[in-house]
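**Q** Here is how the chains run, residue by residue.
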Amino acid sequence: MTQDAIIRHLVIPAIQIAVLLGVALLFILYLQLIERKILAFMQVRLSPRRVGWHGILQPIADTIKLMIKEDTVPAKADRFLFTLAPIVTVAPALLALVVIPVAGEPLHLFGYAITPWVADLNIALIFLLAISSLGIYGIILGGWSSNSKYSLLGALRSSAQMISYEVPLGFALIGVMMLAGSASMVRIVEAQKSSAWWFVFPQVIGFFCYFVSAVAETNRIPFDLPEAESELVAGFHTEYSGMKFALFFMAEYTNMLIVSCIVTLAFFGGWLRPFPNVAALDWLENGWLFLAPLVIGGFVGWLLDQRFGSGLRLMFAGGVLGALVGFGIGAGDVGGLASMRAPQLSGAFWFSCKVMFFIFMYIWFRGTYPRYRYDQLMNLGWKWLIPLSIANVLVTALVMLLRAGSGA
Amino acid sequence: MADDKEPKPPSPEPPARAAGEGAAVPPAAKPEAAKPAAPPAAPAPPAAGAAPPAASAPAPPAPPKADPLKEPVPSRAIDLMRQALPDALLEVTYHAGQALVRVPPLRLLEVLRFLRDHADLRFDYLSNLTGMHWPKKERPLEVVYHLYSIPRRHRLTVKIDLAEGEAAPSVTGLWPTADWHEREAFDLFGIGFAGHPDLRRILMPDEWSGHPLRKEYPLEGNPGDHVQYRDVGTAEHVYRYDKAAIRGFGWKKEVEKTGTGKG
Amino acid sequence: MSDKVIRGPRPSPVRDAVRTILLLELWVGLWTTLKNQFRPHITVEYPRETVELSPRFRGMPRLRFHPENGEELCIACHLCETVCPDECIHIVSEKKPDGKGKRLVSFQINYERCCLCGLCVDPCPTKPLTAIYMSHDYEMADFRREGFVAALPALLEGVEPREYKE
Amino acid sequence: MFRTEEMEINMGPQHPSTHGVLRLVLQLDGEEIRAMRPVIGYLHRGVEKLCEHRTFPMIEPLTDRLDYVAAISENLGYCGAVEKLMGVQVPPRAQYIRVVLAELQRIASHLLWLGTHALDLGAMTVFFYTFREREIILDLFESFCGARLTYNSMRIGGLYEDVPRGWFDRVRHFLKIFPGRMQEYEDLLTVNRIFVGRTKGVGFLSAEDAVAWGVSGPPLRASGVNYDVRKAIPYSSYEDFEFDVPLGAHGDTYDRYLVRMEEMRQCCRILRQALDRMPDGEVRAKVPKYIKPPAGEIYHVVESPRGEQGFYIVATGGEMPYRMRFRAPSFVNTQALPMLCRGRLMADVVAIIGSIDIVLGDCDR
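Chains as they are written, first to last, in my numbering: chain A, 696 to 1103; chain B, 238 to 500; chain C, 4 to 169; chain D, 22 to 386.
By construction, these hints were calculated from the structure, which means they are not laboratory data. Here the structure is a predicted model, which is why all the values come from computation and not from measurement. Hints are not guaranteed to be accurate.
Stated by the list, open to error - Simulated DEER-style distance windows between Cβ atoms: (1) A/Ala1092 / D/Gly222: 33 to 43 Å; (2) D/Trp188 / C/Glu52: 19 to 29 Å; (3) C/Glu74 / D/Gly302: 32 to 42 Å; (4) D/Gly222 / A/Ile710: 41 to 51 Å; (5) D/Gly222 / A/Leu1093: 34 to 44 Å; (6) D/Glu29 / A/Lys764: 25 to 35 Å; (7) C/Leu26 / D/Phe225: 20 to 30 Å; (8) A/Val899 / C/Pro50: 47 to 57 Å; (9) D/Gln35 / A/Asp1070: 23 to 33 Å; (10) C/Asp19 / A/Phe1052: 26 to 36 Å; (11) D/Glu29 / C/Asp19: 33 to 43 Å; (12) D/Gly222 / C/Pro16: 12 to 22 Å; (13) C/Pro50 / A/Leu999: 46 to 56 Å.
Glycine is no exception: its CB is placed at the ideal position from the N, C-alpha and C atoms.
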């Protein structure tokens, strides 16, 4: 093997994986803080503010706490499975990250092209569906091996729920695959670029079905029955503590991240800017020009809000002000900034913006909705989402057939 | 329930109800029934006796009779019972406008069924059931039934006396709500209820002995009344109030060996 | 006039169908939570900042001397001790040497028993400024049980309410 | 080959949604409830026994600790009972202030119920919104009587003292903002399909059953029985106020929710009337220094936010009651739980307990 091949096949993937894991884990760690902050603001209260500046070190403190906490195992639990379960849950979740591309074009460093994804499988969507359903095993094992009734009930609920929602999840994505003609993530996004619109527009029902099923699949409110704390204490992880509990937690947030990524890639054009084919909006390619002032303005406003305890009003005002400034800079092409081209950066920027939006949706749901009941959940899945997603596939196929017929 | 079907103007005894059940009726303005429509002190209808008390203030202080609180109030229930079950009424007393009937325990179910089912009375709501203990009396235990009629809006208290060890007839067949009330009376007074479906302790632990609301039962309880569970054995020092500390504050620090040290 | 049957939102086929399809009420809910983000927060960071107590706030009962001339207000009448439902006040008094009235020897309050009901202030005869008063101390945790018995010197260190009654 | 078993599960006494220390022994077939047995008594403090060893004024702080969510109602009922026993006439201003306090307390209690009920069903944000408004009421109570939970706000014969200056204006301010805030809860719950799905048709209680089982308060009225003590046997000059008694049409959990929501609006109505017509004068009647009611007995009921709160006092002429019985609405309403939950799912139990609104301090005494 030449040195070149070693670098190409070992070093670069290793770096990619390291960066991916580092970024993803850090993000997941801070996702917790973000969720707590957003929920707190929705609930007119303060968020964690003690550890570090505005609670910036809170996730780290939590991690340390969970790591050094006593790791209890119930006396009558199956020790082996009890330990295995969190690992089985978290491993597939992290594994799914490898097929997520964050930008369109490879980065050229020292003559090597580093792709902004670890692997571009041609069956990426299928791979995601397959790998994410493995997570159920961890939950079932965890619930069963705890030897606790509440855990068992939680595990039963979650297995039924996840199996039911796998179906609409898969069907909802088939429409996208048909439109793109591929299951590769990169191709799907490129197809959205060439077809001039995001797939959410032709596939709005598919998107709806996918997102709802995905929320259910990740066990989040309003579908958080497996861990419904008011009914089942904590569901399948009632008996878990310390780092094992943290792994379950990590898996949940990783799944949230993955679902947001998939929604972004499959329906919202991944790393593409809004209206990718409208040349007049080319300055959006450097979207940070627009968003950086918005974020800075909003942040300053937020700090003032915290100072004066005035909700998030000033943040809103600061954000609007910043956005206007950014708009001016971008549209006026001040200093040639808007004509700059860095597709990797721009792609990653838009990608993360969209992902953040869906994560916000998740948290927003959590802040707003009550929880479904078990039978209602099953009803929704089997009676609404599955027929709807199948109909969506059929209609998509029909329309494609008609268009192909008329085109030919 | 069937309340809408009832005639709107309340049944024959609005003055009784008003006088009896209104907000703390002044002794002076009280004998509404005795001297109906005393011109100055008869404010506007629906609730004559319980109208804003300011209005009834000018009523001249009547010369203190026997005891204004013990004035009888007209009660349809008692009238009907006098007609239908004259021998079941052992005693009728009144306090602050509330009528109380004492009946023999053996005829309790009959009386209560009459009260519940009679079309003019319709005591469909067992508001409260409780026991009482009079250790000096010959028949020391008492069971009190507070009845209320939702359609007729009137109240009645029924009492029975029981000898020690005598069981009261259970009224769960008449009002299912009596279930827990009777369990509580059993638990706290040791009154038995014949015919109760599930007479167990309810508030006290199952293995408790003794009945706390009896008068001879000490306030702090008998030490041996319940099973002593194994000490959890984490605290080294167990502070305990001694008798004197109930009154003052010098708790005593007692060092006790707790458990076997395994806990 | 007296009763009113509640039936909830009245069904209407068209509106309900529209609502169901467009998930209208779900959006309304989301809007409510979004809107509330712009409201000021209502919680405070407790040890760092404290809430303002109203003048009548009932904290731990304390004893006081007259704020102006520093005279002992308590006349050792034992009334608060009598009415205390928890028997947490313990007074020892003696006859004044000049023969008129009584004088405190010791005054103890057992905060372990006290339920902060304020009944002891009610009969206190030294009006308008009562000798025993409900202070604004509310941080009453301690590491030792002995710390809960406040004798006379400790009782006088209370935080006074911001304004006197009357 | 297959063997199915019913599973017995202990819900409580320490469980997030049994609202205290209620223990429910559930017989589960999968998720379905086959039988339920409530076990109470974990919070039994022997208050009735304690009362026999305390003088009449000393009992009032104890009543605070029965239904600690609605302590004012307990104070009102207890003081009313002793006043009736003694034949004391409470000055009209005190009566009106008591009504204001009791109705504020009812709103506060219903707000707590609403928040926890929604929290049980998974909607956590409503909880914080309701507590935000409840906080305003607690601040009002604090400035009136100095405490935020165990008020000990009244005295036999009236009130300890008159309201502080500007207090009524603060109540008015609350009444001004409250309807808008209630609209927010309604936006989050009343029409929300998930909430409606979770509550509608769950836990039916027929009018006959409700009366026979002695259920009182909003659960009774949600079943369509028109029994509100404030209307039926007015006390503390409730007869002066005009208000509606909301009645439910079906008697399910959703109806109980609607009835309580409407009750809060009616409370606002009563409050406005009481503030407008607030009489002047004394707030405390002349009562003897040592309260010794004449021998006799009284059963006085008030409408607490949870239902018919009864106070049965037997006096023998001494300064302590001979016997004191609290007819606790939670105690009686809890009895109806097995009937409501039979055949429902595990998740419904939580909704039903929430809709019955049990306070264990009241239940166990």
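**Q** Now tell me, hint by hint, if it's right for this structure.
**A** Cross-check of the supplied hints:
Taking 33 to 43 Å as the suggested C-beta distance range, the pair A/Ala1092 and D/Gly222 conforms, at roughly 39 Å. Here the CB-CB span from D/Trp188 to C/Glu52 is close to 25 Å, well matched to the stated 19 to 29 Å. Under the hint 32 to 42 Å, the C-beta atoms of C/Glu74 and D/Gly302, about 35 Å apart, fit the expected range. A hinted range of 41 to 51 Å is violated for the C-beta pair D/Gly222 and A/Ile710, which are about 58 Å apart.
For D/Gly222 and A/Leu1093, the hinted distance range of 34 to 44 Å is satisfied, since their beta carbons lie about 39 Å from each other. Range check, D/Glu29 to A/Lys764: about 31 Å between beta-carbon atoms, so the 25 to 35 Å window is met. Judged by the Cβ atoms, the range 20 to 30 Å given for C/Leu26 and D/Phe225 holds: they are separated by roughly 28 Å. At about 51 Å, the beta-carbon gap between A/Val899 and C/Pro50 stays in the expected band of 47 to 57 Å.
In this structure the hint that D/Gln35 and A/Asp1070 lie 23 to 33 Å apart at CB holds, the actual value being about 27 Å. Range check, C/Asp19 to A/Phe1052: about 30 Å between beta-carbon atoms, so the 26 to 36 Å window is met. Under the hint 33 to 43 Å, the C-beta atoms of D/Glu29 and C/Asp19, about 42 Å apart, fit the expected range. Checked against the hint of 12 to 22 Å, the C-beta distance between D/Gly222 and C/Pro16 comes to roughly 20 Å, which is consistent with it.
Checking the proposed 46 to 56 Å range against C/Pro50 and A/Leu999 shows it is violated: the Cβ atoms sit about 24 Å from each other.
The structure fails to meet hints 4 and 13 from the earlier list, while all remaining hints are met.
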